[in-house]
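Here the protein sequences come in this chain order: A and Y.
Residues 70 to 294 (our numbering) are what the first sequence spells out, left to right.
Residues 3 to 422 (our numbering) are what the second sequence spells out, left to right.
Read the hints as simulated data drawn from the structure, not as lab findings.
Hints should not be assumed to be uniformly reliable.
Only some residues are given here: those of chain A computed to face chain Y with a beta carbon under 7 Å [said to hold, decoys possible]: (1) I151; (2) R156; (3) P171; (4) L174; (5) T239.
Here are the computed lysine to aspartate or glutamate pairs in the EDC-like style, where the Cα-Cα straight-line distance is at most 16 Å [stated by the list, open to error]: (6) K266(A) to E225(A); (7) K234(A) to E243(Y); (8) K320(Y) to E420(Y); (9) K305(Y) to E350(Y); (10) K271(A) to E127(Y); (11) K235(Y) to E78(A); (12) K274(A) to E200(A); (13) K108(A) to E97(A); (14) K136(A) to D125(A); (15) K266(A) to D302(Y); (16) K396(Y) to E372(Y); (17) K282(A) to E243(Y); (18) K136(A) to D113(A); (19) K310(Y) to E348(Y); (20) K396(Y) to E277(Y); (21) K235(Y) to D87(A); (22) K163(Y) to E194(Y); (23) K307(Y) to D259(A); (24) K138(A) to E107(A); (25) K290(A) to E243(Y); (26) K108(A) to D87(A); (27) K307(Y) to E348(Y); (28) K271(A) to E216(A); (29) K215(A) to E200(A); (30) K422(Y) to E400(Y); (31) K305(Y) to D259(A); (32) K171(Y) to E194(Y).
Beta carbons: idealized from backbone N, C-alpha and C, even for Gly.
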Amino acid sequence: MKLLIIEDEISLANSIQDYLLDGGHICESVQTYNAASEKIALYDYDCLIVDINLPDGNGLDIIRAVKAKNLKSGIIIISARISLDNRIEGLNIGADHYLTKPFHLAELNAHIKSINRRINFSGNNEIVFNEIKVMPDEHRAFINNKEISLTHKEFELLLFFMANKNKVITKSGIAEHLWGDYMDSADSFDFIYTHIKNLRHKLMKKGCTDYIKTIYGVGYKFDIL
Amino acid sequence: MKLATKTSLNFLSISLFTFLFGIIALYYTLRFQVDRFINNELNQAKSAFFEKPDSLSTLGDVYLGACRLMPLKSVSSPRDTLIYYTDTLIFDQRAEKYLPFRQMTFTTSLRTKSFKVQILRPLEETDNLIINTFLMMTALVILLIAALLISNQYSSKQIWKDFYISLEKINRFDLDMHNRFDLPETDIQEFEDLNTVLERMSKRIANDYFRMKEYTENASHEIQTPLAIINSKLELMMQSEDLPEKQFKIIAEATEAANRLSRLNKTLILLTRIENRQFPEIETVYPQNIIARQLYDYDDIIKSKEIKLSTHFEADVKLQINPYLSEILFLNLIKNAIRHNIQGGEIEITLSSQKFEISNNGASLNFDPEKLFHRFYKNTHSDKSLGLGLAIVKKITEIFAYRISYFYQNQKHHILLEFK
């Protein structure tokens, strides 16, 4: 996938770039509105990660320009403003997701993966990894082609792990993914433990390798090695 | 004591005091004037007597104008020639009672004999006149005082009305309510001045207050970006394959703290935004749908904690509320009931058009229940929570004028939300 990061904070842009490069994406980043306008005029991108508050312009205008040119492009807004109006306006003009800073890179990655599926596989796709097969749109999962019954949250969790293979995912990253960035969600850590325990149990019972590793003190990792 | 009562009492005491002295003075003045008048008449009678003493001396009661002459009594010798006046009561045959008289007594010599002459003047009429005047005056003064008091009470009620309206408005004024501080127009200079000063002061306070709030919100938003950088760097660092365990633990702790700070900041922004009334859109919301969806969202957790869930929904309950805030309101209450529940406990949810009640098992609070809805108050053993969930609930209920209350009964925490 070809990605453009439009973010005036270079260090944040670098972090995103570093994290995403692992997934085999082509990543570019620009810091200003003008530079971004130039880039989108010249090239097509599969996905844009746009900060709304840029020093020389509004990120929403960039989204409008992109959507006018190529409707298929995926757009993820990253903004420091927790404002419903911004979110609604952004989504109305065609953005796929709105992430409030600070966000988890794993979350951003999962969104990019889902955009990738939408663009490159028209959504009717399967995610296959070794013995695991997941059909995201139908909410179905298979182990060695045998269907496995998962609850809604377990399914989301599995999908999230598979989007972030080989990455350490923090507990709060998982919590925010499963329950949204609603406030005061630290209590969800116990909940996550429950979910992961159940998911692991169900997967292994069907003969799946135990890919989910606990990383002490931090979170979990879907380890393919 | 009210100002009007105080002035009335002052007025009353001064006027009663004055009235008392005035009435006594009036009485004596009247008395003095009347006595002089009577004495004059008696003197005229005396002159008349001396004009024709012979014809009179032999008779009994002789009338001289309004006065009458008593039968003369001879006395051995004129002891003195002094004239003196006395007031006396004499029995009147016709009226059959004692009547007051003023009596003039003097001695005089008639044909070598000395006589004591007594001339009487009835006082009944003049006494009646004095008493009537006296009573009239008293009645008039009392009437006057009463009228003044009543009109005073009435006019001060009118005058102070504006003041009490202002007072009530000041009393109800709440910066967080964002309502304008409009004081009534008044034609009384002092109150107008007071209102002007109050309005200017409240405007200044409100300005400062909102500038401070704005500053808080802006500051919180500014913190978000550096936090995003810290979080992303830590997340990246975590991905390193060759990280020694010791270093990893350090990163883990830093991540934990950074995440906590992020959550805290986002929550405080939300709280500030609710306080600043930045969720003005009101829609018809069906709480039953929201609650059912949220319970579904936490279904796994409820099952794993073996919580017995019972719900009682009245059909078609609607609320006029901001949809986003309604989500947070019910979510925080439901999450609260799950989090603080015991293994194998119960959650009971009742929803009607008047109220929403949620109860869960759990040990009683180890702090004052009054503080349950305060920021950063929590049971010490659940230190992972921020202690802001119920503070947010409280803020939302304040905005929509819902009543929220807490009570502990049969080992169960109850939170009751009354919509009207």
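Holds or violated: K310(Y) to E348(Y), with C-alpha atoms at most 16 Å apart | 5 Å, holds
Do the alpha carbons of K305(Y) and E350(Y) lie within 16 Å of each other, as the hint requires?
-> 15 Å, holds
Under the criterion that the straight-line Cα-Cα distance not exceed 16 Å, is the pair K274(A), E200(A) satisfied?
-> 13 Å, holds
Compare the distance between the alpha carbons of K282(A) and E243(Y) with 16 Å, and conclude whether the hinted pair is satisfied.
-> With Cα atoms ~14 Å apart, K282(A) and E243(Y) stay inside 16 Å; holds.
Going by Cβ atoms only, is I151(A) closer than 7 Å to chain Y?
-> 5 Å, holds
Hinted pair K235(Y) and E78(A), Cα distance within 16 Å | 13 Å, holds
Please work out if K215(A) and E200(A) have their alpha carbons no farther apart than 16 Å.
-> Given that 16 Å is the threshold and the Cα spacing comes to 10 Å, the pair holds.
Does E225(A) lie within 16 Å of K266(A) when you go C-alpha to C-alpha?
-> 14 Å, holds
Starting from K305(Y), check that the Cα of D259(A) is at most 16 Å away, please.
-> 13 Å, holds
Verify the proposed pairing of K108(A) with E97(A), using a straight-line Cα cut of 16 Å.
-> 10 Å, holds
Is K163(Y) within 16 Å of E194(Y), Cα to Cα?
-> 13 Å, holds
Straight-line alpha-carbon gap K290(A) to E243(Y), limit 16 Å | OK: K290(A) and E243(Y) at ~12 Å, within 16 Å.
Hint check: violations occur at hints 2, 10, 14, 26; the rest are consistent with the structure.
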